[in-house]
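Chain A is already provided as a structure; the job is to place chains B, C and D on it using the hints.
There are 4 protein chains.
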Amino acid sequence: MKKFGFIGLGIMGNAMALNLLKAGFDVTVWNRNPDKCTELVNQGAHQGKSPKEVATHCDVTFTIVSDPAAAMAICNGPEGVAAGIGDGRCYIDMSTVDDATSQSIATTIIEAGGRFLEAPVSGTKKPAEDGTLIILAAGDKSVYDEALPAFEVMGKMSPYLGEVGQGAKMKLVLNMVMGGMLSIFSEGLSLGLKADLDGQQILDILDAGAMANPMFKVKGPMLLDENYTTSFPLKHMQKDMRLAVDLGDKLNLTLPTAAIANESFKQARKAGAGDEDIAAIYKIIK
Amino acid sequence: MKKFGFIGLGIMGNAMALNLLKAGFDVTVWNRNPDKCTELVNQGAHQGKSPKEVATHCDVTFTIVSDPAAAMAICNGPEGVAAGIGDGRCYIDMSTVDDATSQSIATTIIEAGGRFLEAPVSGTKKPAEDGTLIILAAGDKSVYDEALPAFEVMGKMSPYLGEVGQGAKMKLVLNMVMGGMLSIFSEGLSLGLKADLDGQQILDILDAGAMANPMFKVKGPMLLDENYTTSFPLKHMQKDMRLAVDLGDKLNLTLPTAAIANESFKQARKAGAGDEDIAAIYKIIK
Amino acid sequence: MKKFGFIGLGIMGNAMALNLLKAGFDVTVWNRNPDKCTELVNQGAHQGKSPKEVATHCDVTFTIVSDPAAAMAICNGPEGVAAGIGDGRCYIDMSTVDDATSQSIATTIIEAGGRFLEAPVSGTKKPAEDGTLIILAAGDKSVYDEALPAFEVMGKMSPYLGEVGQGAKMKLVLNMVMGGMLSIFSEGLSLGLKADLDGQQILDILDAGAMANPMFKVKGPMLLDENYTTSFPLKHMQKDMRLAVDLGDKLNLTLPTAAIANESFKQARKAGAGDEDIAAIYKIIK
Amino acid sequence: MKKFGFIGLGIMGNAMALNLLKAGFDVTVWNRNPDKCTELVNQGAHQGKSPKEVATHCDVTFTIVSDPAAAMAICNGPEGVAAGIGDGRCYIDMSTVDDATSQSIATTIIEAGGRFLEAPVSGTKKPAEDGTLIILAAGDKSVYDEALPAFEVMGKMSPYLGEVGQGAKMKLVLNMVMGGMLSIFSEGLSLGLKADLDGQQILDILDAGAMANPMFKVKGPMLLDENYTTSFPLKHMQKDMRLAVDLGDKLNLTLPTAAIANESFKQARKAGAGDEDIAAIYKIIK
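Chains as they are written, first to last, in the working numbering: chain A, 3 to 288; chain B, 3 to 288; chain C, 3 to 288; chain D, 3 to 288.
In isolation and in its complexed conformation, chain A is listed as follows (with noise of 0.2 Å):
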């Protein structure tokens, strides 16, 4: 049976090592808190000394930690995965990084003999423990097919995407798209309050049409009763929004809805709402 590493153990990579465990998987784990792990070995894991010898260990490891900064320093270093990824053995990253930082760590894990893949993720906590992640697969193919089967316990969907780095401009698109929707959603919801609208009314009409989606159904009442806990944090939302842009920028298309929603966004930073979830769009413009 193929050995299976996860790096990585915080709210996301628990569930998702955790399903893993569950489909039956031979799983070695580490984390820089090596407490984390016991739940995980208590359920039938191994546990690894370092990322070098779970990536010296396992035909494939996966990793998810919060930032670039985090993602560089589990691949380098003399006990990082790069110094046990020979042979060809794969390395997965689902970790949200830009651009750079997955070509820097590709380039490492090439170079170090070893295969790579890029898996950013869609969907937060819940979809983590359902298995119904949405995952972004990017990379070398060889890789992708052997992790397929893990995929598929992690998430309800992980097309592959080709190259490194389309994983992440994916990403970007999701999220600009996503931006746009919640800028034109808060200045709908305050023009309807404006005119003495009913906002549940609002809500549930928009719920029962053609642009009925999770995210209204989700953020709408947050935004009714103004509660803006943190799922998504809006400086994230803002910097994906300008990342788009310049990628815009790049590619000489024009965004306009994006660059100006950007702004909306940038005004909500501004107004001190960056930590606060995106739905804090709403605050400068009711």
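Hints are computed from structural coordinates only; laboratory data are not their basis.
A portion of the hints provided could be inaccurate.
Chain copies aren't distinguished; within one or between two, either way the pair holds.
[Stated by the list, open to error] Calculated lysine to aspartate or glutamate pairs in the DMTMM-like style (CA-CA distance at most 25 Å, straight line):
no.	residue 1	residue 2
1	Lys143	Asp198
2	Lys158	Glu148
3	Lys272	Asp227
4	Lys4	Asp28
5	Lys272	Asp209
6	Lys252	Glu228
7	Lys252	Asp200
8	Lys173	Asp248
9	Lys158	Asp28
10	Lys288	Asp132
11	Lys288	Asp198
12	Lys143	Asp200
13	Lys288	Glu154
14	Lys241	Asp101
15	Lys173	Asp147
16	Lys241	Asp100
17	Lys252	Asp279
18	Lys252	Asp101
19	Lys127	Asp209
20	Lys272	Asp200
21	Lys158	Asp198
22	Lys288	Glu278
23	Lys5	Asp37
None of the values given here were measured: they were computed from a predicted structure.
Here is chains B, C and D on its own, set in the frame of chain A:
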């Protein structure tokens, strides 16, 4: 049993009246071109001689015609609804008209001794046939209460929104959100394609996530095929975007995303796409 | 010698009528509050008893009042200009009014047997005193020709722009450009200050280059001091921006920069700066 | 007498060096193609053998070349300026380069024992010939003080703006304001023409009022003639607009008017006008 009148047997009206008949209501129909009455009469409808006669004969008369001028023509004149509406009988105009037209009809009907409700609908041919329209009712609440059994047959949802004018405002809010969503969707799809992502994969991934909605599902393949067969003419959407932005102006509300999406629709209209489907906004972005 | 009438002796009208007197013209004045006539009568003006009497007595009657309602009041009624304007005498309304008001006054004057010219001015108190206004004349060309000697005393420029309504449109174009320039100027100054450049240096450098203009010279120090003493109320500018964008809509023209500058003015108005100077747009950008 | 070096004798550099000579300074010139030195040598200049030799021989060496790569080539390598700059001699790069290039050259020069000032200029051929450039100096203040007599000959204004990088930032601010002004100017002219106003009258009236500026005076007739003969390539303006918007992003500042004017420039670039004059933004608006 309550007697219902139904005036205007176009694609929408014919389907809606048929649903009333199938539900066992007593229905009297009228259409400018009387040939269109035949099918409904064969299904058990009575045929009126004029809008006036329908309004005299029925407890509640519904009308759905294509524009403000037609709606005014049905209401006014010696053979119009107002001439027959006395004794507190009910008139419900389901046409999509501007605020001034709706107010004018309301005043005429009330001065003639009738009671008035505006009830524009959201939804096109299929929901009309399936009885799953969204009916946006506003005006005299007692008319709403009397019409509710009929609304429940014609629509899946018929919220009462307040005084005359609120139905039209709710429609502006809905269309403004739709226009903004379509604009950011077009930009997102264009960005992805220029970045060498696969169009169908973009649509599939959007459809699997938090932004999944029936409109993207219908319009997405149209954008990929550059098929702009008209379901909702772009020039009408642009007009509604402008009216929504102007309403925001009156209410002291900034709507930057809507304002700029409006400019994109205007540019598409300027490029000759006014009579094509709203999806043709994609032309000037891709 | 031609007899000129002058109605409306506010800050602008008083200075303009005084220039006519100083140039040696025969001038008859009228003002709602007659006290304001005293100074001009001391300088040699005749005093009329009513707008009607002025219009009857003079070959050409000028009016400049503060808004459409006042302009209509001067024209209409038993003591209004129209009541005295017969026999092809000339009426020139120099107030800034909307298109509909101007058309209505034009119709009234012509039906009363007079001839009409609209001539809104660009410029405030100082140019009025210095005789350096820009006079935007439109309507009956024969009136323009008769009034030209007076225009040359009151203004430095008085182009004839075509039929009634073209003067108002030219003013919209000017104000739209002014609003856009002020918006980008505010953004540029804010960007420089945030980037630790010196505000006065930014103004000095702008003033030395290809973009140097009197407006930046006046408004620049106001922005640096955050002094928004009203010279042109922001809410009026915002109204003109909206009218300009709506005119673009009617003419099938996209105006994205104007549309978004309008949103910034709206946001400033929403933030309570409607009665402050147009410079207060800076508040919501800095 | 202080010895000045001048490297780069294109249209700008030739005119600037000539002005130094005419003012009686001791000037040593160098150009990659030595033929361009002839005229200046005939006017009394010395001819250097390499950038290194010029930098060794002169107290202050000026360079103005066309892009970052050329600026780096002049500075680096065995025959570059840095190889000859020791003993605290001064180097002033007047090329328009990005921040990173300027920082890199500064570091190289300082490590080589020299002193550095960046001094990009605002103005083109005519101001270079007339000695009326605007010189945006930033970096080592002692270099600025030594160079001031030369700056006063080459420019009409040479403010000292602070540390290295501030010159480039001031240029971004200026270009952002210029881009925004050109965008609203194009929109205003288009609106006027569509409203049947006369183009030349619009220009004349703008030129008589508070918005009168040299840029409108130059670009206005170009727009009316749709003559886009390149003076400042549109693609460079668009790049600067993007950099300015990105700088705003870094500094937590919303710049909606600049962001949307950038989209208009992008659209013009996409439509093939990248190498035409910035005035070609008018193409996609009219």
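Structure-based check of all given hints:
no.: 1; hint: Lys143 <-> Asp198; in the structure: between (55 Å within a copy, 17 Å between copies)
no.: 2; hint: Lys158 <-> Glu148; in the structure: within (17 Å within a copy, 47 Å between copies)
no.: 3; hint: Lys272 <-> Asp227; in the structure: both (22 Å within a copy, 22 Å between copies)
no.: 4; hint: Lys4 <-> Asp28; in the structure: within (7 Å within a copy, 70 Å between copies)
no.: 5; hint: Lys272 <-> Asp209; in the structure: neither (31 Å within a copy, 30 Å between copies)
no.: 6; hint: Lys252 <-> Glu228; in the structure: between (37 Å within a copy, 24 Å between copies)
no.: 7; hint: Lys252 <-> Asp200; in the structure: between (43 Å within a copy, 19 Å between copies)
no.: 8; hint: Lys173 <-> Asp248; in the structure: both (14 Å within a copy, 21 Å between copies)
no.: 9; hint: Lys158 <-> Asp28; in the structure: within (21 Å within a copy, 50 Å between copies)
no.: 10; hint: Lys288 <-> Asp132; in the structure: neither (35 Å within a copy, 37 Å between copies)
no.: 11; hint: Lys288 <-> Asp198; in the structure: within (13 Å within a copy, 32 Å between copies)
no.: 12; hint: Lys143 <-> Asp200; in the structure: between (51 Å within a copy, 16 Å between copies)
no.: 13; hint: Lys288 <-> Glu154; in the structure: neither (42 Å within a copy, 34 Å between copies)
no.: 14; hint: Lys241 <-> Asp101; in the structure: both (14 Å within a copy, 21 Å between copies)
no.: 15; hint: Lys173 <-> Asp147; in the structure: within (21 Å within a copy, 48 Å between copies)
no.: 16; hint: Lys241 <-> Asp100; in the structure: both (11 Å within a copy, 22 Å between copies)
no.: 17; hint: Lys252 <-> Asp279; in the structure: between (29 Å within a copy, 20 Å between copies)
no.: 18; hint: Lys252 <-> Asp101; in the structure: both (14 Å within a copy, 19 Å between copies)
no.: 19; hint: Lys127 <-> Asp209; in the structure: both (24 Å within a copy, 19 Å between copies)
no.: 20; hint: Lys272 <-> Asp200; in the structure: between (30 Å within a copy, 22 Å between copies)
no.: 21; hint: Lys158 <-> Asp198; in the structure: between (41 Å within a copy, 23 Å between copies)
no.: 22; hint: Lys288 <-> Glu278; in the structure: both (16 Å within a copy, 22 Å between copies)
no.: 23; hint: Lys5 <-> Asp37; in the structure: within (22 Å within a copy, 71 Å between copies)
Hint compliance for this structure: hints 5, 10, 13 are not met, and every other hint is.
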